[in-house]
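S.K.: Below are the chains, spelled out letter by letter.
Protein chains: 2
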Amino acid sequence: MSTTSDSAVRAYINVHREEFLDDLAAWLRIPSVSADPERAADVRRSAEWLAGRLTATGFPTAEIWETDGAPAVFAEWSSGDPTAPTVLVYGHHDVQPAAREDGWHTDPFEPQTVDGKLYARGAADDKGQVFFHTLGVRAHLAATGRTAPAVNLKLLIEGEEESGSPNFPALITKHADRLACDAVIVSDTGMWSKDTPTVCTGMRGLTDCQIDLYGPDQDIHSGSFGGAVPNPATEAARLAAALHDDERRVAIPGFYDGIVELTDRERELFAELPFDEAGWLRTAHSHAALGEAGHSTLERIWARPTAEVNGIGGGYQGPGGKTIVPSAAQLKLSFRLVAGQDAAAVQQSVRDWVAARLPDGIRHEITFWGATRPCLT
Amino acid sequence: MSTTSDSAVRAYINVHREEFLDDLAAWLRIPSVSADPERAADVRRSAEWLAGRLTATGFPTAEIWETDGAPAVFAEWSSGDPTAPTVLVYGHHDVQPAAREDGWHTDPFEPQTVDGKLYARGAADDKGQVFFHTLGVRAHLAATGRTAPAVNLKLLIEGEEESGSPNFPALITKHADRLACDAVIVSDTGMWSKDTPTVCTGMRGLTDCQIDLYGPDQDIHSGSFGGAVPNPATEAARLAAALHDDERRVAIPGFYDGIVELTDRERELFAELPFDEAGWLRTAHSHAALGEAGHSTLERIWARPTAEVNGIGGGYQGPGGKTIVPSAAQLKLSFRLVAGQDAAAVQQSVRDWVAARLPDGIRHEITFWGATRPCLT
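Chains as they are written, first to last, in the numbering used here: chain A, 53 to 429; chain B, 53 to 429.
Hints are not guaranteed to be accurate.
Repeated chains share a single entry, so a pair holds when one copy, or any two copies, can fit it.
[Unchecked claim] With a straight-line Cα cutoff of 20 angstroms, these simulated DMTMM-like cross-link-like pairs (lysine to aspartate or glutamate) come out:
#, residue 1, residue 2
1, K246, D159
2, K169, D247
3, K374, D269
4, K246, E153
5, K374, E417
6, K169, D94
7, K226, D159
8, K374, E214
9, K169, E70
10, K374, E313
11, K374, D271
12, K246, E299
13, K374, E324
14, K374, E100
15, K226, D309
16, K226, E320
17, K169, E351
18, K169, E344
Hints are computed from structural coordinates only; laboratory data are not their basis.
Next up, chain A with everything else stripped away, as it sits in the complex (with noise of 0.2 angstroms):
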């Protein structure tokens, strides 16, 4: 029998599975809920319980990072190899809330093995990926003999991931010389299944806004006036719908400028995968796929760019009819970006093209929210 590294890991890991699961299980029994004020103590004992868990590990360097909110976990070993790489892990220990009457056949927070499946909350996201980087290491460690690992490695686990991360630009902005590295790993995305290992390696970015027409100072009305005065709803929908072309392509100018496209490797390793289109549509409860002609749905959810209507609203919307041209209407968009795209150039774009497509007599205000940059390994 070989003894290459990687069955050495793998004997390492089985000889310890049961004391592997008995630590995960301890975690996941902190009900770490970022989003209840009442459970602040618990995401606060859940960062400590790592922190000690990774120095009992072996990691020289394991700190309580404070925020403005919950507390993250820094931890960080050095490979001592002056000519390493140094790897970032992201991942987060607090976890969305978990009540029975959300239809958990047992306590979330009681992890319970079923059919060689644990459940629990926290157990998928994100706490068992966190905690089998740290095994790792530790299987790493065994299987080659050495006392640091090949790579100086970093760990950054945050406690508000599931509130938003509402300080976390400000934790990495206040920590960027002791974050730099060489490469970030997230563990904190999708599996394709329990038999095909995942390996996710670009995350799409994001951009959203609002967008508010103003017609008439008030509601007018329709029998009077309609016809003969620009409708507000009526351009809130004609900038939605023209969103799109009938290619169902993004329609503004510039969206597409720059992009990293698929590799024609990456398109064939796309549909080589076991695609189950239909039964992708019921997790989605839609009933039919529709997106970018040209591009299969995977392509569409992974690595296209999209634009999308979260939210369109003007006029009246109570019960019964109401003859009158509104004097409002507004318009929620979110763009998902990919690698090339800049989304302060996509927001300009949007601006450019909203302000060239009204009317006169139809004022507008847009307000981005946010940006989240695209990135591609």
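Starting from the known structure of chain A, arrange chain B on it as the hints suggest.
M.R.: Positioned in the frame of chain A, the structure of chain B alone reads:
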């Protein structure tokens, strides 16, 4: 001094001016607000006052006609000439609610004369017009020496116009025989100016509807599924945007089929009116004119059929952003119709047009609320 029929009428009016205005003021003091259940007795008192006044004027027949709501008044005066035509005057004796807080400088139900103008709720809509029809009969008889009008005269003055005339169709169906006539005069329309006699020769019809669109069975995440499934808010917008072409003509196939176009002479007459578009825009609380290409504002609001978005809604409309693909959206549309258009045919055109434009995966329902026929003399 010549005594033409016209000048004799004027002479009679001048002599009786104060008496006429006192009579009208007495009626205007009755707060016949049909929308307010607490005013039901006042609406009835208004009907009784009018019936009494019509009898005093000489109408051989003046009846209160009951409905399931507020009472109407019917009066009849035969000319005695078997070849005379029969003219039916339609009007209403109910008024809109009025409160000092709405901007009235004085009690809206206590008539005030300022700069030669009489101010009170109902003075111009529609008690004033109805009352002057009856005064016209008195002047006509006095000036000509006749004892009966030159035409067979009928009046139908309803009590629920300001509440949408919910019982009026049943009323005229029930009394169709007694309402038989050669012409209907409606003086509940606009007046160009106090110096320009106004005859309204047509009234547009109306049909309005709600279109409900359903996509995913629940709101879904736009990052996970957006760009790959149909979005009902996008489809509602695409429908609303497709209502008009780039020339702002209604783009529903068949919509204009069979309509009675304005004659060249009518367009000339419209164009000769001293129309102050800037002033009109102020009354429309609007900042630009916009509508069907090739037609003036007056043609658009008086004589052209229109399609208007009265309301649109779907997805998230609260503060900030929410990155969803919404599960449903709705659209409220109204269509003004002109002579030659049949409401049922227009409804069918809308149904066909909607069904043909929606992609797979979007289910829809259309509800039409009603239809008012257009008319043209």
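S.K.: Next step is simple, just say for each hint if it's right about the structure.
M.R.: Each hint tested on the structure:
1. K246 x D159: neither (24 angstroms within a copy, 78 angstroms between copies)
2. K169 x D247: within (14 angstroms within a copy, 87 angstroms between copies)
3. K374 x D269: within (17 angstroms within a copy, 28 angstroms between copies)
4. K246 x E153: Neither, since 28 angstroms and 69 angstroms both go past 20 angstroms.
5. K374 x E417: between (26 angstroms within a copy, 19 angstroms between copies)
6. K169 x D94: Neither: 25 angstroms inside a copy, 76 angstroms across copies.
7. K226 x D159: neither (38 angstroms within a copy, 67 angstroms between copies)
8. K374 x E214: Between copies only: 14 angstroms across chains, 41 angstroms inside a chain, cut-off 20 angstroms.
9. K169 x E70: Classified as within: same-chain Cα gap 13 angstroms, cross-chain 95 angstroms, threshold 20 angstroms.
10. K374 x E313: neither (48 angstroms within a copy, 28 angstroms between copies)
11. K374 x D271: So K374 and D271 pass the 20 angstroms test inside one copy only (10 angstroms; across, 27 angstroms).
12. K246 x E299: Result: close neither inside a copy nor across copies, 35 angstroms intra and 57 angstroms inter.
13. K374 x E324: Intra 53 angstroms, inter 33 angstroms, cutoff 20 angstroms: neither.
14. K374 x E100: Classified as neither: same-chain Cα gap 58 angstroms, cross-chain 32 angstroms, threshold 20 angstroms.
15. K226 x D309: neither (33 angstroms within a copy, 69 angstroms between copies)
16. K226 x E320: Neither way: K226 and E320 sit 42 angstroms apart in one copy and 74 angstroms across, limit 20 angstroms.
17. K169 x E351: neither (30 angstroms within a copy, 72 angstroms between copies)
18. K169 x E344: Neither, since 37 angstroms and 65 angstroms both go past 20 angstroms.
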